[in-house]
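Chains W and H, in that order, give the protein sequences.
Quick note on numbering: the first sequence equals residues 0 to 375 in numbering that gives the first Met the number 0.
Quick note on numbering: the second sequence equals residues 0 to 375 in numbering that gives the first Met the number 0.
Hints listed in this document are in silico derivations from the structure and should not be mistaken for laboratory results.
Keep in mind that a hint or two might mislead.
Said to hold, decoys possible - Heads up, simulated DSS-like pairs for lysine-lysine below, C-alpha to C-alpha not over 30 Å straight-line: (1) Lys86/H to Lys313/H; (2) Lys93/H to Lys222/W; (3) Lys222/W to Lys329/W; (4) Lys314/W to Lys227/H; (5) Lys227/H to Lys222/W; (6) Lys93/W to Lys93/H.
To be verified - Listed below are several chain W residues computed to face chain H (Cβ distance under 8 Å; list not exhaustive): (7) Arg19; (8) Val23; (9) His29; (10) Ala32; (11) Ala64; (12) Pro235.
Unchecked claim - Heads up, incomplete: computed chain H residues facing chain W, CB under 7 Å, no partners named: (13) Val14; (14) Arg19; (15) Phe34; (16) Gly35; (17) Glu67; (18) Gln96; (19) Thr100; (20) Val103; (21) His171; (22) Gly193; (23) Gly310; (24) Ala311; (25) Met315; (26) Glu318.
Backbone N, C-alpha and C define an ideal beta-carbon position, used for all residues, glycine too.
2 protein chains.
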Amino acid sequence: MEKEPLLMLPGPVPVPERVRMAMVRQAINHRGAEFGAVYADCVRILKETFGTKNELFVISGSGTAAMEAAVANFGSGLTIACLENGKFGERMFKIAQRYGTARVVRSEWGTPLDLAALEHELAEGAGMVTLVHNETSAGIKNPAEKIGRLAKKYDALFVMDGITSIGGDEVHADAWGADIVVVGSQKCLAAPAGLSAISVSERAWERLSERRPYYLDLAAYRKSASAKVMETPYTPAVPLFLALREACLLIEEEGLATRIARHRKMSQAVRNAVSAWGLALFPKLDGDHAYSNTVTATRLPEGVEDSAFRGAIKKMGIEIAGGQDHLKGKIFRIGTMGATGAPEILGTLSAIEHALAKQGVRLAGNGVRAAAEVLG
Amino acid sequence: MEKEPLLMLPGPVPVPERVRMAMVRQAINHRGAEFGAVYADCVRILKETFGTKNELFVISGSGTAAMEAAVANFGSGLTIACLENGKFGERMFKIAQRYGTARVVRSEWGTPLDLAALEHELAEGAGMVTLVHNETSAGIKNPAEKIGRLAKKYDALFVMDGITSIGGDEVHADAWGADIVVVGSQKCLAAPAGLSAISVSERAWERLSERRPYYLDLAAYRKSASAKVMETPYTPAVPLFLALREACLLIEEEGLATRIARHRKMSQAVRNAVSAWGLALFPKLDGDHAYSNTVTATRLPEGVEDSAFRGAIKKMGIEIAGGQDHLKGKIFRIGTMGATGAPEILGTLSAIEHALAKQGVRLAGNGVRAAAEVLG
């Protein structure tokens, strides 16, 4: 086998060696002081990335498990207003349908959320709002703070999926009034896939559902985490916790503000390349919405066949993402999350330039150079 | 730090280097041929350890997640008869209470199950039976085949927790009529903690619940696994899958029959030591029940203080388990699962002999020698 392809996806992303090496060691007992300290380190640093002083737990399960935990523990039986302008907003809606009366507030994917329609749902009695902060399926960043204010005005719980923003973009859960916030390990945290984390406000605890699932019962997580030695209620994915701890320490060492600025620079570089090429970014913005800080979605130029295009890039050892569902064949997406930097971005953009040229696209200008100017 | 303590627990257990090393490599995309092949290897070999030709899925979550998946997908709204003679039987009952009308068929922990009471529940209309095959909390092995026959007679689904027997003891899911069977990664499979697997019979699929959870929705697992390239519905814990594949390959290389015989020898060695010492094994058996093949539960001799006793052993770098809940301070448990062998067992028994002597216990004979005779 050649080396692993470079993953320029909206997750999973390349994992630094130090993080991966943390998983090799011999098994340890997860009911003991050492594991407790690992868990505590993760919680301490993740709280900073969430911008929260609320309780926070690490779940042995993907971001989807954490999304479900949010809805299942605090939304059972409620009317849940689900904001959707992409695939993960849709997923939140699907989850909400299993636990409450789900009301979708849908915009075309990649276009601004309909805050007036949300307010209508809230006025009609929705007790929970779900938002995907950074919608990777469309490359759009949604106005979390504004939605938090609306939720608060109508006394609804505010659930925010920060899976692909936390660790790579500004997130201020407490300041925004986000009651329940989730992240996944394999995105901007640059840890291996398989873990997620969730924070819970006092206001949410007061509304804890009576009927809760078992494995994702956050009351059990709370009890185990508050023991003298921090624990999880059921057997955790120990190697992944060890890796997440290292990934968190790397964030602390880099400094969260520096890390976010670096992510901003990376996505700006990619957007400048797209614009130099004369291609169109996919999202349609208004004053409230912004381009994602961690993934760039671009319209595939007329006549370019997606699988041939991405196949050519993959042959050069780089994976970028296509569109999902009805966006398949219409857009391509470049993730710039975690531990990636100039070499990976410049390599990726060069490969894209080459693949587009091979497909007969006449580009307006030199995207790689435009990116280098941002990164240099 | 000194090296990690030797874990002689009923899980987690020491993980062979080859298995741990599989986790170090760079992240790969979980929507791709390579991951699909990894998943397929796990499924192929796990099916053999389960004794099943049914569909089998690997879940990114602990054994408890798989237990919940069993009940939540197939037991919603049913009357569920939960056999309990230890802590994990009790856990099954707790899970069942969240999804159906749970009826516990309880025996004192470590004593035979009450099959007459089970038959009564079945005659009264229970549509599902849950059984913990190997109850590690008490060191007892329950008569799965007999329970399978009873379930079949009354047309109830049979859910079997094989978390600590599969890979270390005879399990014949199909022959026993076990419709839904689960295993955990960190027990007899000797893989890292964090994964579980579940098999589902055709009979169970026909009774799939309408209301299912999201992350643990087995219909979604089924759909993703049957794609051209095997996938999981949501992001899997990739490093743990890579490790599990190596652990499964090790089982295949050793040969399942050889591996089970080795486990039998290991637990026999420990039981012979206990009996040479003149101590009492904890389980009370009848003709249907047997001592566990993977964990030995022994009564703490009169006057021995549990934490001082296990503390002394831990000082020698070895972790054995105490009792759980009301068995705390009354028993100690030695796991002999996975990749352990004579050095670990003889070392552990020597440490126990020493710790008991230090606590003033006068042992009847030489347990270490008795064990060596089995292992040698």
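So, going through the hints one by one against the coordinates:
Restraint check for Lys86/H and Lys313/H: satisfied, since their Cα atoms lie roughly 24 Å apart, inside the 30 Å limit. A C-alpha spacing of about 17 Å is found between Lys93/H and Lys222/W, which places the hinted pair at or below 30 Å, so the restraint holds. About 47 Å separates the Cα atoms of Lys222/W and Lys329/W, which puts this hinted pair outside 30 Å; it is violated. The suggested pairing of Lys314/W with Lys227/H holds, with an alpha-carbon distance near 21 Å, which does not exceed 30 Å.
A C-alpha spacing of about 43 Å is found between Lys227/H and Lys222/W, which places the hinted pair above 30 Å, so the restraint is violated. This hinted pair checks out: Lys93/W and Lys93/H have alpha carbons roughly 27 Å apart, not beyond 30 Å. Against a cut-off of 8 Å between C-beta atoms, the interface hint on Arg19/W holds, since the closest Cβ of chain H lies about 5 Å away. Restraint check, Val23/W versus chain H: the minimum CB separation of about 5 Å is within 8 Å; hint holds.
Given hint, His29/W at the interface with chain H, holds; its Cβ is 7 Å from that chain's nearest Cβ, closer than 8 Å. Among the interface hints, the one on Ala32/W is violated; its C-beta lies about 11 Å from the nearest C-beta in chain H, farther than the 8 Å criterion. At its closest, the beta carbon of Ala64/W sits 4 Å from a beta carbon of chain H; the interface hint therefore holds under the 8 Å criterion. Restraint check, Pro235/W versus chain H: the minimum CB separation of about 7 Å is within 8 Å; hint holds.
Against a cut-off of 7 Å between C-beta atoms, the interface hint on Val14/H holds, since the closest Cβ of chain W lies about 5 Å away. Annotation: interface hint on Arg19/H holds; nearest CB of chain W at approximately 5 Å, less than 7 Å. Violation of the interface hint for Phe34/H is found here, the shortest Cβ-Cβ separation to chain W being roughly 10 Å, above the 7 Å cut-off. This hint is violated: Gly35/H has a C-beta 15 Å from the nearest C-beta of chain W, more than the 7 Å allowed.
For Glu67/H, the suggested interface contact is upheld, since its CB lies about 5 Å from the closest CB of chain W, less than 7 Å. Restraint check, Gln96/H versus chain W: the minimum CB separation of about 9 Å is more than 7 Å; hint violated. Taking 7 Å as the C-beta contact cut-off toward chain W, the hint placing Thr100/H at the interface is violated, the least distance being around 14 Å. The interface hint given for Val103/H is violated, since its Cβ lies 16 Å from the closest Cβ of chain W, which is over the 7 Å cut-off.
Checking His171/H against chain W by beta carbon gives a least distance of about 26 Å; that is not within 7 Å, so the hint is violated. With a cut of 7 Å, the hint placing Gly193/H at the interface with chain W holds, because the nearest CB-to-CB distance is about 3 Å. With a cut of 7 Å, the hint placing Gly310/H at the interface with chain W is violated, because the nearest CB-to-CB distance is about 13 Å. Hint on Ala311/H is violated. Least Cβ distance to chain W is approximately 17 Å, over the 7 Å limit.
The beta carbon of Met315/H is not positioned within 7 Å of any beta carbon in chain W (closest approach about 15 Å), and the interface hint is therefore violated. A hinted interface residue such as Glu318/H counts as satisfied when its beta carbon comes closer than 7 Å to some beta carbon of chain W; here the least separation is about 6 Å, so the hint holds.
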